[in-house]
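Residue numbers (my numbering), protein chains in the order written: chain A, 1 to 147; chain B, 148 to 391.
Be a bit skeptical, because a hint or two may be false.
[As the list claims (entries may be wrong)] Here are the simulated distance ranges between beta carbons:
1) ASP267/B - GLU38/A: 42 to 48 Å
2) GLU38/A - GLN278/B: 27 to 33 Å
3) THR266/B - ARG121/A: 16 to 22 Å
4) HIS47/A - LYS274/B: 36 to 42 Å
5) LYS91/A - ASP332/B: 20 to 26 Å
6) ASN42/A - LEU272/B: 36 to 42 Å
7) GLU32/A - ASP296/B: 20 to 26 Å
8) ILE339/B - GLU38/A: 38 to 44 Å
These are computed hints drawn from the structure, not numbers from a lab.
Here a beta-carbon is modelled for each residue, glycine too, at the ideal position from N, C-alpha and C.
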Amino acid sequence: MYVLFKMSHNQPIIFNNEWSISTTHGSILPSEGPKRQEYEQNLSTSHLPDMIFDKTTLKIIHIENKLEILFNAFDALKNIDLYNNIEQIPKVSMSEVWAKSRTKDRELDYVKPYDWTYTTRYKGIIKTEYASSNRESGGGGIHPSNK
Amino acid sequence: MPAATVKAGGEVYIPPINKNFSLLPAKRGKFFSKFYVISLKNSYTPSYTPSPILGLSRGHRMPLTATGISAFESGRIHPDTFIHVVINMILDPFEIIEFYFYLGTLCSSNECNWRIESTDQQLDLEKLKRQEPILFYDELTLYEDELADNGISTLTLKIRCMPSGFFILLRFFMRVDGVIIRCFDTRYHYEIGNSYILREYIERESPISSLKPEFQSTSDINSVITQLKINVHQLEKLFFKTSN
Chain A
1 MYVLFKMSHN QPIIFNNEWS ISTTHGSILP SEGPKRQEYE QNLSTSHLPD
51 MIFDKTTLKI IHIENKLEIL FNAFDALKNI DLYNNIEQIP KVSMSEVWAK
101 SRTKDRELDY VKPYDWTYTT RYKGIIKTEY ASSNRESGGG GIHPSNK
Chain B
148 MPAATVKAGG EVYIPPINKN FSLLPAKRGK FFSKFYVISL KNSYTPSYTP
198 SPILGLSRGH RMPLTATGIS AFESGRIHPD TFIHVVINMI LDPFEIIEFY
248 FYLGTLCSSN ECNWRIESTD QQLDLEKLKR QEPILFYDEL TLYEDELADN
298 GISTLTLKIR CMPSGFFILL RFFMRVDGVI IRCFDTRYHY EIGNSYILRE
348 YIERESPISS LKPEFQSTSD INSVITQLKI NVHQLEKLFF KTSN
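All chains should be built: construct the whole structure from the sequences, respecting the hints.
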């Protein structure tokens, strides 16, 4: 009989002697300050969702072959196609009425449209453990991806 | 991380496992150079709660049984082997519970890699619906935005571990009120015994005006998504082993 055993909140569980599964939970990325700035710089945008749980991760590791499936907000946000397919980005229900009533308002032209719905096609990342030379274990922060 | 010391027939020292002990060594090759499978039989009061076990693990010396030591002594250990401490707790004559403390993985130079194949094999929903004990469950939110009060955009994760395997759902859900509902789901299902994980990716979306009235303003995401148009449906096997 195999029993999953979690040593503490951030400790991995070993599943069937074959997989290590760990989750980390964290608070919301602050809306300003150095952490926020770094995050925005790394993503090259300030168009980000209100609530980003940057420390929240799920990691599945195949122990023997050191293969990993990783989920985190940073990589998901990186997968948002902010500026392409602009015509496919939904508009709020009132937008047409609103735009018509402001046809003379030239300010409208100054806003570069972006995908304000934050649609991501992120599936998680599968990778080889140790693939990146500069990775730190644990922590659950931002990991470079080699999707 | 101090190395464990093992002598057959002697005692074993389980290195203290502190709260911040990380799963994998931070620097490659600078971890254990030896392999330890340590099997302990203990005479502690049977208990399902982790605390006595944790207490036992922190720098305690315990009498050692011979199990696993032969492999250690022979020195023929595959470098990919992971290192763990096994503690057998005999709760009654018919049940042995093994607790694993994962200490790290030995490195090898020939790295394996994922192999991805597309497949027609569908997720076995019946199997997933089957009543099974949940060994581990967690729900996570990666991001969320209320679209300036115009709806919702969220990316959430659920993981569930059962005796038969594990299941992950990564869901991007977005609704612009009165305009559109979009749901992109990625599911991972691993069944014990398989050499692969089945991954399903589905993109669904529909204008709200095209939905039946009862689905236009419901907050029951699971019922709404069955009404959405499927635009993308991919099935893949992610192989993590070459054999079988």
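Here is what the structure says about each hint:
At roughly 44 Å, the beta-carbon separation of ASP267/B and GLU38/A lies within the given 42 to 48 Å, and the hint holds. Separation of GLU38/A from GLN278/B is about 46 Å and departs from the stated range, judged on CB atoms against 27 to 33 Å. Take THR266/B and ARG121/A: their Cβ atoms lie about 20 Å apart, and the range 16 to 22 Å holds. Between HIS47/A and LYS274/B the beta carbon distance is about 41 Å. The supplied range of 36 to 42 Å therefore holds.
In this structure the hint that LYS91/A and ASP332/B lie 20 to 26 Å apart at CB holds, the actual value being about 25 Å. Between ASN42/A and LEU272/B, the C-beta spacing of about 38 Å keeps the proposed range 36 to 42 Å intact. Here the CB-CB span from GLU32/A to ASP296/B is close to 21 Å, well matched to the stated 20 to 26 Å. Taking 38 to 44 Å as the suggested C-beta distance range, the pair ILE339/B and GLU38/A conforms, at roughly 41 Å.
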